[in-house]
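Construct the complete structure from the given sequences, taking the supplied hints into account.
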Amino acid sequence: MRRNYIWFDGTFAQILDFPHEGGIDKEWAPVGEGGTKNHMTDSQLIQEIKQGNTELYSELMRRYQRKILAFVYHMLKSSHMELMAEDLCSETFYKAFRSLHSFREVDASFSTWLYTIARNTVLSELRKHRSGTLPLEESGVVPVAPLEVAPEQAILRSERVHMVREAINNLPEKQRSALILREYDQLDYQEIADILGQSVSSVKSLLFRARGSVKIQLEPYFYEPVFEDLRGMKNR
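Be aware that the sequence shown starts at 172, since it is given in the numbering used here, and climbs by one per residue.
Derived from the structure by calculation, the hints contain no laboratory data. All figures in this text were calculated on a predicted structure; none of them were measured in a lab. Glycine included, C-beta positions come from ideal geometry on N, C-alpha and C. Certain hints may be false.
[Stated by the list, open to error] Calculated lysine-lysine pairs in the DSS-like style (CA-CA distance at most 27 angstroms, straight line):
1) 221 with 266
2) 238 with 386
3) 299 with 238
4) 386 with 266
5) 345 with 375
6) 299 with 386
7) 345 with 386
8) 299 with 266
9) 386 with 375
10) 238 with 221
11) 266 with 238
12) 345 with 299
13) 345 with 238
[What the hints assert, rightly or not] Label-pair distances were calculated between CB atoms; the ranges are:
14) 368 with 212: 35 to 41 angstroms
15) 221 with 333: 42 to 48 angstroms
16) 210 with 391: 48 to 54 angstroms
17) 272 with 372: 20 to 26 angstroms
18) 391 with 277: 18 to 24 angstroms
19) 270 with 330: 27 to 33 angstroms
20) 272 with 340: 32 to 38 angstroms
21) 269 with 298: 30 to 36 angstroms
22) 254 with 372: 34 to 40 angstroms
This is the structure:
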C-alpha cells in the first residue's frame, strides 16, 4: 500500500489533482532562507492558510513532520514499518489540510489536534487487521539481516530497545498511546488528555498502570530504568 499524496516541488500540492508517487521525502520541504514563514506562529500560519495562502502549509508540515512520523512509527507496533509509517504520516497531514478550515484553536492547540488525527489514522489502519499489527509484507520493508560482527554494546542496546518496544506493544491501546506521548514525545498531561479525550486524572492513571505493566514485564531481565530506551528509539 502506497498512498500517493503530499509533496510536489517542496509545496503542498492540490493533492487530488496531482498524485505524487513515492510517499514522503525524508528531507521535507525547507523554508526558504531569509523568509518570514519560520518566524510566524502556528496561529498566524493557519490564519494565512485559511485566507488562501495554502503554500504556507509546508511550513506547518516542516515543524511537525518528524514528531508525527515518529509517533506513527511507534504506534504501529513493529520496527519494520518505515514505509507504512510514512504513508500514514502523509495521510495525517492530508486530512489535517482538508479539515483545517474547521480547526478552532479555542478547542485545542494545532499540535494536539494533529496528534489526534495521527492517532485516529493509525488506529483506523490497525483495525483492518485483527492482530492489531500489520503484516510485514504490507509494510514494504524487508528486515535487514544483522551484521555477523557488531560491537557488544550495540547488540545489548538493540536487545534492550527491542524488549522495551515489545513490552509497550503488549499494553492496551490507550495505555500505549499515553506512554509514548509522555515518555517519547514529552507532552504534558493536559496535552495527552486532549489527544486521548480523557481527563488529566485518567491520563495519570493510564500512565501509572502502563509503567507498572512494563516494569513487571521487564523486571526478569534488568533492573535499571528502562524508559530511556523508549526515548532512544528516536533515532531508530
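Here is what the structure says about each hint:
no., hint, in the structure
1, 221 with 266, "15 angstroms, holds"
2, 238 with 386, "26 angstroms, holds"
3, 299 with 238, "24 angstroms, holds"
4, 386 with 266, "37 angstroms, violated"
5, 345 with 375, "12 angstroms, holds"
6, 299 with 386, "30 angstroms, violated"
7, 345 with 386, "17 angstroms, holds"
8, 299 with 266, "19 angstroms, holds"
9, 386 with 375, "16 angstroms, holds"
10, 238 with 221, "24 angstroms, holds"
11, 266 with 238, "17 angstroms, holds"
12, 345 with 299, "18 angstroms, holds"
13, 345 with 238, "19 angstroms, holds"
14, 368 with 212: 35 to 41 angstroms, "26 angstroms, violated"
15, 221 with 333: 42 to 48 angstroms, "44 angstroms, holds"
16, 210 with 391: 48 to 54 angstroms, "52 angstroms, holds"
17, 272 with 372: 20 to 26 angstroms, "34 angstroms, violated"
18, 391 with 277: 18 to 24 angstroms, "48 angstroms, violated"
19, 270 with 330: 27 to 33 angstroms, "42 angstroms, violated"
20, 272 with 340: 32 to 38 angstroms, "36 angstroms, holds"
21, 269 with 298: 30 to 36 angstroms, "21 angstroms, violated"
22, 254 with 372: 34 to 40 angstroms, "38 angstroms, holds"
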